[in-house]
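Visitor: Heads up: the sequence lines are chains V and R, in that order. Every letter in the first sequence is one number past the one before it in the numbering used here, and letter 353, counting from 1, is 353. Every letter in the second sequence is one number past the one before it in the numbering used here, and letter 76, counting from 1, is 76.
What you were told as hints is all true, and nothing was included just to trick you.
Derived contacts from chain R toward chain V, CB cut-off under 7 Å, selection only:
#, residue
1, K3
2, I4
3, L10
What the hints contain is simulated information worked out from the structure, not anything from laboratory work. Backbone N, C-alpha and C fix where the C-beta goes; we use that ideal spot for every residue, glycine too.
Take a look at the letters that make up each chain.
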Amino acid sequence: MVFNSIEFLLFAGLFFLLWPVFRTKDAARWTFIVVASFVFYGAWDWRFLFLIIFSGLVDYCAGLALGSAIKHRRAILGASLFANLGALFIFKYSVFFATVIQDLVNPFGLEINLVNSIPEFALILPVGISFYTFQSLSYTIDVYKGKLKPTRNILLFFSYLAMFPQLVAGPIIRAKDFLNQLRSYRIPSEIEKWNAFKMICFGLFQKVVIADNLSFFVDSAYQGKSMYSGSLYWWFIVVAFSFQIYCDFSGYTLIARGLAKYMGYHFKMNFNHPYFAKSIREFWTRWHISLSNWFRDYVYIPLGGSRKGKHYGMYALVITMLLSGIWHGANYTFIAWASLHVIYLLIERKTNWYKRFKRIPYLLTILIFLQVTLAWVFFRAVSIDQAFNIVGRLVSFRSSDLNFVDTYLSGVVFLILAIIIEMTIYLRKNFRPLKKFYWSRKNSFDYALLTLCILCIVFFRGEGSQFIYFQF
Amino acid sequence: MRKIQIVLGLSFLLFCLIKIIAPEPIKNKELVQEFWIQKTHANSNFNAVIGGDSRVYRGFSPEDFNDASVTDLLSINLGYSSTGFSSDYLDFCLSKFDVNSKKNVLILGITPHSLTKEAFKNEASNKFAIASTFEVFRYKYLSSFLKYLSPYSPSELFNEKTDNYKEKHEKNGWISSYYLEPDSSRALKNYTKTFLKYQVTDNEINAFLNKVKEIRTQDISIIAFRPPSSIAMRNLEDSISGFDEEYIKRELEDMGVQWLDFREGDFNSYDGSHLHFESAKKLSILLGIEVSKLFENQTSEVSQNNNY
Numbered sequence: 001m002v003f004n005s006i007e008f009l010l011f012a013g014l015f016f017l018l019w020p021v022f023r024t025k026d027a028a029r030w031t032f033i034v035v036a037s038f039v040f041y042g043a044w045d046w047r048f049l050f051l052i053i054f055s056g057l058v059d060y061c062a063g064l065a066l067g068s069a070i071k072h073r074r075a076i077l078g079a080s081l082f083a084n085l086g087a088l089f090i091f092k093y094s095v096f097f098a099t100v101i102q103d104l105v106n107p108f109g110l111e112i113n114l115v116n117s118i119p120e121f122a123l124i125l126p127v128g129i130s131f132y133t134f135q136s137l138s139y140t141i142d143v144y145k146g147k148l149k150p151t152r153n154i155l156l157f158f159s160y161l162a163m164f165p166q167l168v169a170g171p172i173i174r175a176k177d178f179l180n181q182l183r184s185y186r187i188p189s190e191i192e193k194w195n196a197f198k199m200i201c202f203g204l205f206q207k208v209v210i211a212d213n214l215s216f217f218v219d220s221a222y223q224g225k226s227m228y229s230g231s232l233y234w235w236f237i238v239v240a241f242s243f244q245i246y247c248d249f250s251g252y253t254l255i256a257r258g259l260a261k262y263m264g265y266h267f268k269m270n271f272n273h274p275y276f277a278k279s280i281r282e283f284w285t286r287w288h289i290s291l292s293n294w295f296r297d298y299v300y301i302p303l304g305g306s307r308k309g310k311h312y313g314m315y316a317l318v319i320t321m322l323l324s325g326i327w328h329g330a331n332y333t334f335i336a337w338a339s340l341h342v343i344y345l346l347i348e349r350k351t352n353w354y355k356r357f358k359r360i361p362y363l364l365t366i367l368i369f370l371q372v373t374l375a376w377v378f379f380r381a382v383s384i385d386q387a388f389n390i391v392g393r394l395v396s397f398r399s400s401d402l403n404f405v406d407t408y409l410s411g412v413v414f415l416i417l418a419i420i421i422e423m424t425i426y427l428r429k430n431f432r433p434l435k436k437f438y439w440s441r442k443n444s445f446d447y448a449l450l451t452l453c454i455l456c457i458v459f460f461r462g463e464g465s466q467f468i469y470f471q472f
Numbered sequence: 001m002r003k004i005q006i007v008l009g010l011s012f013l014l015f016c017l018i019k020i021i022a023p024e025p026i027k028n029k030e031l032v033q034e035f036w037i038q039k040t041h042a043n044s045n046f047n048a049v050i051g052g053d054s055r056v057y058r059g060f061s062p063e064d065f066n067d068a069s070v071t072d073l074l075s076i077n078l079g080y081s082s083t084g085f086s087s088d089y090l091d092f093c094l095s096k097f098d099v100n101s102k103k104n105v106l107i108l109g110i111t112p113h114s115l116t117k118e119a120f121k122n123e124a125s126n127k128f129a130i131a132s133t134f135e136v137f138r139y140k141y142l143s144s145f146l147k148y149l150s151p152y153s154p155s156e157l158f159n160e161k162t163d164n165y166k167e168k169h170e171k172n173g174w175i176s177s178y179y180l181e182p183d184s185s186r187a188l189k190n191y192t193k194t195f196l197k198y199q200v201t202d203n204e205i206n207a208f209l210n211k212v213k214e215i216r217t218q219d220i221s222i223i224a225f226r227p228p229s230s231i232a233m234r235n236l237e238d239s240i241s242g243f244d245e246e247y248i249k250r251e252l253e254d255m256g257v258q259w260l261d262f263r264e265g266d267f268n269s270y271d272g273s274h275l276h277f278e279s280a281k282k283l284s285i286l287l288g289i290e291v292s293k294l295f296e297n298q299t300s301e302v303s304q305n306n307n308y
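Could you put the whole structure together from the sequences, leaning on the hints where they help?
Guide: Here you go:
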């Protein structure tokens, strides 16, 4: 079930109608959240509910065992990591690694076909597996480190793990932040409801108006269906993809946060205008914040972080970024995308080049955006070859006719709209005169903008359906 | 809550205002989906089912066919884009017959492309066949309300050029279509490309003929024909597709299938492949008349047999 569907509208309507009835008593509240979340997930494919239940049971039991055990704590943590990462490996990476092994041995004349021997069920990628696996793991690791007391209530644990707004595409919430919230209930205030409503409306706008309308042009280009191939056309496509993926994922997160807020809970911010970052390092503190923090806390810092000297810090950085790349997908393209970010980050650390541009922040923002956009080419491309081909076209500046504008007028309009909106929201928060102007007429602005959002959702929604990050 | 109510109220008012002032979207996506889901998940109460590819779903009007046939027939057009006559597709066609009726006729619009391996994948019909129960419910029963929420394309607002292609989704699976400015050579280039990639092969022909043979053992009459297009298209298909019309015709007639011949010159194609809606109506009437004759002959044969 996706947020931008009639099914979800009916589901959410029913859920929020019944929520006040169930929220007052702990057991009823948790049961209701778990059942609703399972219905939400099961609407996609009920068979994979068993995987969430398995993953959850492993970590619930591991948490209890860690809570009472003094010995064998490492073994318990190891078992949880093995079970969770094993399931993730089977469903997400088995085909990829089988292909890698085949590619490695085939040049030596060894003809093996590992991919065909993978069981059929493992060829389907369960929606959101990377998200709930990481969420489940963070619980066990926090209990192991003594940062969190394990919960004995299985319903409470599954309410945390499977809560439907964030189940399939995050944000990745932490047990130490969220279990306490779930232990009680809050009736959201009027202002919280209003903010939740704004988040849901704007999230839907980002997804169905911007991202879905850009997806058609981006997809046709990457699938080789377009008749254009000039540099300007490809610049249009790669910038369009930067905004498509941002609006798609940020839109999802906003809806998820809005739904949680309407229930009386709080999810932390997951995107903070990443394309206004003034360094790649800053970009990673603004993009998919919950995942960046997860990798920082559970991979980068345990590897030593920057505490063990420069060289060790670089090593930790490379490992963390590559793992982040492969988290996104089982393909060489994601490794290339992450490698490019590693290169950016290492150059930044070594040279601090961006500091020289601090006096011209707008130019710096554009330079960082271009770096990120170039990396997205590898993220979106079907293969490394295609990615290099596109990069070649981008930098060749040949046959730069503007005929595509006529054909893809809608795409151009939505891209310009996306850029204007992002700039306006950013400036509204950071540019004092605009901020003052907005606050002086806040209600009128909010009414007008939200009404416009709703009308655009109704009249200009695109045809895309699935969220990009579902596949991760 | 008051603020939310104000925004929702404002949105509703402006929505109504826009719906009154603005013209309907050129393509109502809700109704297009409804059309395909309705025909794919139609009830099994038809006596005449016509199957084929886009030349069939654009070239056969069930309403005109029903009117032309003397006997009381209810027909459905089960044509989809790039359809191939695979066993599964023909089973799907059979599933739409009224099993209690004695007069059931399967009409097959056989194009060269419909006997290629690529067409046998039947991606278009499968896409609608696997729709979830909720989707079927939605498009069968809610579309009449949701059609008012069908979105516009911004190019409709900014681009003043009129689309040359005009279509209307009619009842029971027919899309009536035409070009404002016809171009009878437009489709030739695409078909040339297609047949350089995919050819009619023995595998698909044999699979199709075997399935027809199996259907003939049931109490269902079969009529087959090559949907008319343009003379240039027929020549092109005969020269590069690997399609041997005479062979197919002979084999089918040997199984008791009635083959109908239509001359390209009697019909008008707007793009060299698909029939102008007026020609589609004409073809449907002719088919209706032929089916009536078929049933009349069958009735007289039965009564003669009874007399003996």
